[in-house]
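Protein chains in written order, with numbering that gives the first Met the number 0: chain A, 0 to 159; chain B, 0 to 801.
I should point out that these hints are in silico values taken from the structure, not numbers from a laboratory. It cannot be assumed that every hint is accurate.
To be verified - Computed, partial: chain B to chain A, Cβ under 8 angstroms:
#, residue
1, Tyr210
2, Met211
3, Val261
4, Ser726
Being a predicted model, the structure only gives us computed values, none of them experimental. Even for Gly, the Cβ is constructed at its ideal location relative to N, Cα and C.
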Amino acid sequence: MTHIPISVTVDGTVYDVEVEPRRLLVHFLREDIGRVGTVVGCDTSNCGACTVLLDGKSVKSCSVLAVQADGHAVLTVQGLAEGEHKWHPVQEAFKECHGLQCGYCTPGMVMAAVDLLQENPNPSEEEIREGLEGNLCRCTGYHNIVKSVEYAAELMGGKS
Amino acid sequence: MTETLTDANANPVGRPLRRKEDARLLHGQTNWTDNIQLPGTLHMAILRSPMAHARITNLDVTPALKRPHVVAAFTAKDLGDLNGSVPCVWPVTDDIQMPGFPALAVDKVRHVGDCVAVVLATDKYAAADALDAIEVDYEPLPAVIDMEAAIKQGSTAVHDAADGSHGTNVCYEFPLKPQGDGAFDAAVKAAGDDVVVVKRRFINQRVIAGYMEPRAVVASPMGMSNEMTIWSATQIPHVLRVLLALVTGLPENSLRVIAPDVGGGFGGKLQLYREEILAVQIARHLGRPVKWTETRSEDMVASHHGRDQIQDIEIASTKDGQIIGLKVDLIANMGAYLQIITPGIPLLGMFMYPAIYKMPAYEFNCVGVFTNTTPTDAIRGAGRPEATYAIERIMDELAAELDMDPMQLREKNWITHEEFPYTTVAGLTYDTGNYEAATAKAMDLFGYDALRAEQEQRRASGDPVQLGIGISTFTEMCGLAPSRTLGALKYVAGGWEHCTIRALPTGKIELITGTSPHGQGHETAWSQIAASILGVPVDDIEVVHSDTGRAPYGMDTYGSRSLAVGGQAIKKAAERLVEKAKVIAAHQLECSVDDLEFIQGAFRVKGDPAKSQPLAAVAFEAFTAHNLPDGVEPTLQAEATVDPDDFSYPHGTHLCAIEVDTETGKSKIRSYVAVDDVGIQVNPLIVEGQVHGGLACGIGQALYEGVEYDSDGNLLTASFADYLIPSAADLPSFTTDRTVTPSSTNPLGTKGVGEAGAIASPPAIINAIVDALRPMGVTDVKMPATPENVWRAIQAGQGGAQ
Ligand code: FES
Ligand code: FES
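Next comes chain B alone, as it looks inside the complex:
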């Protein structure tokens, strides 16, 4: 079973090598942030608001100071200027409302879990105990929870207006309203009688990231200087360093941010969190290390949530199923404050509603709304799962309306493989793809026709257990992103990636990447890419990452960007290294550069194989520098910083068969087939793992998960006992395969894969359930499709009240 590289000629790219990371992780030889115990550490505990919206009328931390082991305690007032404001770097419109987001709440709390005060103690238990001693009184204010109520005139405002007057809960409105032929209504009108319009409201419910490692941070100041080392369970050490410098005023060049082992992120650790600001500021103030590790219950209220959109979708087609136009109206929940890219998430979706389909008209509008809930932000897929859900769901609804097979409807409208590159109505140019090939493979693996026949049979016999088939022919945009595009979208950062490769005098290779893995296997995959170019064994390459002290340049890991963007930098750096080494090798071998070829890690004189110089020997020469050609600098290293030309557009066809018990509402996945096209695969084993994990996340959203608040803003799903992350018993095995259409937007031909499964699967699941129940009058089932929600949909379909 094991795939090892016995053949020195073998290209390691494309092989399912077992991961380098695993030996350590499987033996508990790990370095999670919470493992770090520095001398003199103060443990931070946080008093959080139990109310969704309230004025703080009294707050006194002095009683906590009398508790054993307590060293300090602070309120916002005590911290003064040190109480930084959490930044948002994506002001999506010119008139967006961007209220302050103080780390410790000032005067008012705005969601359950808002930070009110902190206690620092030499013992973790003691810090938590002392929170009880803090005296605090609240005057409750009406909680704004329902999004539609929030934007009504006269609603209580989560934030006052900038001038102190009564505010509005509309954070921003982002319209994309083309004139003329591109307008939805004009297109429908032009079609005359030959038109079918289907309108639906879909709810994409609020979810959590659900990484298994809780967030943690350790901030360690160095003596009297400004220097500070910060360990954080983050996806973005590089971005964090810049933002912490901006927020705290500490010089960026004295901050070192390290993301040691990080136990999953899924977007939830793509953030600058208020607790990170507090740890840094208090460590700086007290001159001692400050450590904070959240409990899971804290995570549920304080780490950002995701999704939470109301989607009003209208699709129009001719009577034979040619799509004429699509209209999308969103209300997107921002939560109580804007975090790092909160407002931009629904707009990432804006580009993806037209998906793989050709259509002349497309309109989009999004209203971002403040509510007294935990802030939302990126979670695996970020905007694209919402878009994919809506379009793939409404394609099924349109097919039902037209009495067409849903796959036929898709085939009729999708971009054919001859039509690439194709510029969509949303303005993206998809470089490559082959929806026919992925679909054919998936249909084959799935046994579509046999399942349809079984469905017919069960319908005819009135079987209480009905069978449904769900389709999701999805694409997505990932590999964030061309810096210019990000700039045009008002995103205040670039999307480049960096790599430095050093050939060390002892023959080992150090590959320094700006990506920041937390489960993706970069150490293995990046070694494979570099080894394929440098001709050295994969195990001779050490990948250095996630430490701004050792890997100073990078834009980190999110948006399925690490391979699509970071991979390009690795390739370029490796090629540059070979070019530089070639000059030295030619000098050593006393020949011209043009006479050399580089094969299996050695420079050889063409036609004279006896004369050769391995890369390691060149590296040693570059180190001693005793005999370098004129003008060549000592040391052998090369670097590359690459800004991608475009996004990458993975796609695939997911098919799901579900048995639905119409008496109990219980759904059981019978089979799930995912054929993904992620371009060239560097390590198919890792690719497959990413697909599996994405599927589990998407199926979790479709069947089990959902954040719930009561009308007062209390979080009802405040632990893993109430928020149901699927367990092994809740999920099936998956049938996965790939088609390979290399991407042309990057020289490795790769596309992103981390989010694909999470983006594709929710509509496949819900389409299957609705398909099973459509004869019973069901046209939608609310996510998560719990037995209760399915049962209600059946009752509603049959004329009862939902």
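Chain A on its own, in the form it takes in the complex:
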């Protein structure tokens, strides 16, 4: 199959590579450039484990082709913190509120939460639950994920 050159910025670094036109963004991230922090949980775009921000908006990277990201910027969970000691408030909140167990849904859940709080800095419990509907977690029962997002909103100044 012919390969197509693309240039994608991932977590601040520009990658110029050639990919098959059918290559999924998530496979490009994981297998071509080694950004394995973003994971795959399904093959029907239902689980959200692969969620990243594409030009600041959350997308399921298993339902975007790598070629569609050409010329765009991807932010993954690996690029969220500003250095080791400056975690994103959502990351801080997930740790504080025990919003993760096995951590497999976490990269997607955190990115979805970042996007949710961008859109709605002061969400109600119901808005959080609705907003994260596309991200499945089997470990936590979501109770502490909801708490984490509420606490992150507080840390980010949305809630008092």
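Use these hints to put chain B with the ligands onto chain A, whose structure you have.
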């Protein structure tokens, strides 16, 4: 909010410390099996049967070999002896039927998803593409799907008999039929006129584990030797190593199995899977690393399912509600083959049907049945959720029959806290418990009386939205398990656990455990236990696990055993380490061992606090060995392997209020209160998380989830689009609390917690829905209680056809 240990004296056990694991996981600094990319790797893709039951009449993989990047392709015939058979280690009866389970199907396929052939390519996409080129023809055979039809005379057999003649689909029959007073019928007869008997059939539907990380395996042979490293997304690296050695014939001492980061298991990764055997055998054969990561669609057909029982339950009581006896008749679906402990799962339930209740008579019978479906095995709770569902459901049915409050009926029959230790009619001895205390707390948090009053009101006003209250006063047996008990049950392994603790010369502690966490927070909790004994900071302890090269002994993580059993080993090893260090410290401080006390990580001479020696200094002395007392060996480490005396018996009271729209059948959980008694809590934050996750899993089974096949054996729920794992929007927040009755079967006083929520919650939910609808003639609602199933139950209750 953050709980940190500022007070050096503080005992870290019992504190909600934030987890050590999280920093890495929250930054994507993870090591999932699928992350591993070794040079020269071949990606394995598997051709799976699209048919539930068929003869393979033609199979040719050579066209696939011509596809780009393809290096090899195999059928069962090509693999010959390398095509190992998946083992079952729990032959529950002497005459159990244990058919072979070849990794690649030989001649016949027996369920949709059965493995037919494999392709190995240097590129993952190319391997998957090349499956299309394989030529295969099937001659369909009748599919055996319905369990009751399967055991009828003359049914098509999933497996031929051992001698090649027409087989039976009965895998085994396990009766527990006491004679005399313990017999159900005798007990009912003895009660004369003063007896009420309630009989129900409950269906505990088939579910999946639903871990978010798909299964994956990488097998990497080392040059020309037999040595092989295997990374697998498994719950059981230690057990896997033994079984892989037995199945493949590779020497056990040349296999290293590593479970790196594992994204959930819930029993679904407590398995030796055929894909693991294939990866190892083909890597060995080709001398190259072989990697396989399943797609979710593969997982749905190929990873074991769970539950799937038809339960005929009969309960008898006196007219004032004293239970006389219980009779349980099960038909349990094995699926097409036996996996690691498939036949034993319903028997784990056998012990739990009498639950927390006193009764003189109990009978049990289980028929295990083969069908042309994905094999079943352990899923969170494994046998106990099924038992708890049946007993807690029928308690409500009995209460309705007796016109008693369901909680009163339970109180009248449960073991009171003064009666512990109590040996149940099923033969277990519950060491401790306090059902009154847990119930009182739950009732209080729930507001039982107010909700009953509201229910009355809604009933009286004919509100289309009715309110129901569901109770589940559950217990379970976990902490698998005393090895002797397992042996008596014909389980071919032990239930011990191991820990080695090493005090390193630089002052750090290495804690090597045989448990294998995949979300449970062992790194944090185990550090808390060891720190409480060694007096060192929690952060100075590194927990090593899930790698048979670095943590050679262990029985891994399942059955809520890790803390209940593994915790004991940690405690014992830590105490032994202190004992050994004390001898060295006494020598250093020139005093007798008896003059020393060990406080906050240092040995101090009693009455002379200035004279002390921290553990780290002792460890350094043990390392240099310049001045050790005679007879003391260098290095400071201690180990312990502990076999538990008994199971652990967590219990709790779960209460649920549900609003049911009688016009649409839609149910909405209004409140859910779970008061669990899991004994001493090492880390209450983690305990609570485990309860939440268990609840979600059980509520998933009660309201949303269910594996479905059509009559030809096609899986109708073959993806997350059709099999509905609950999302955040589907679940409420929970009210959780604990009572603490320390377990006496282990020195830490802990009990298991991982499965409790999943065991307790399904009956609480369904009891609530049935309670809401009982005035409409409803006596049962099929799980999952989707609007459709609820609506049908209402129609049936009102005399329409279900
Ligand atoms: S991997 Fe499941 S939605 Fe992308
Ligand atoms: S933390 Fe395990 S799936 Fe969410």
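| field | Hints not upheld, ascending by number | value | No hint contradicted; all consistent.
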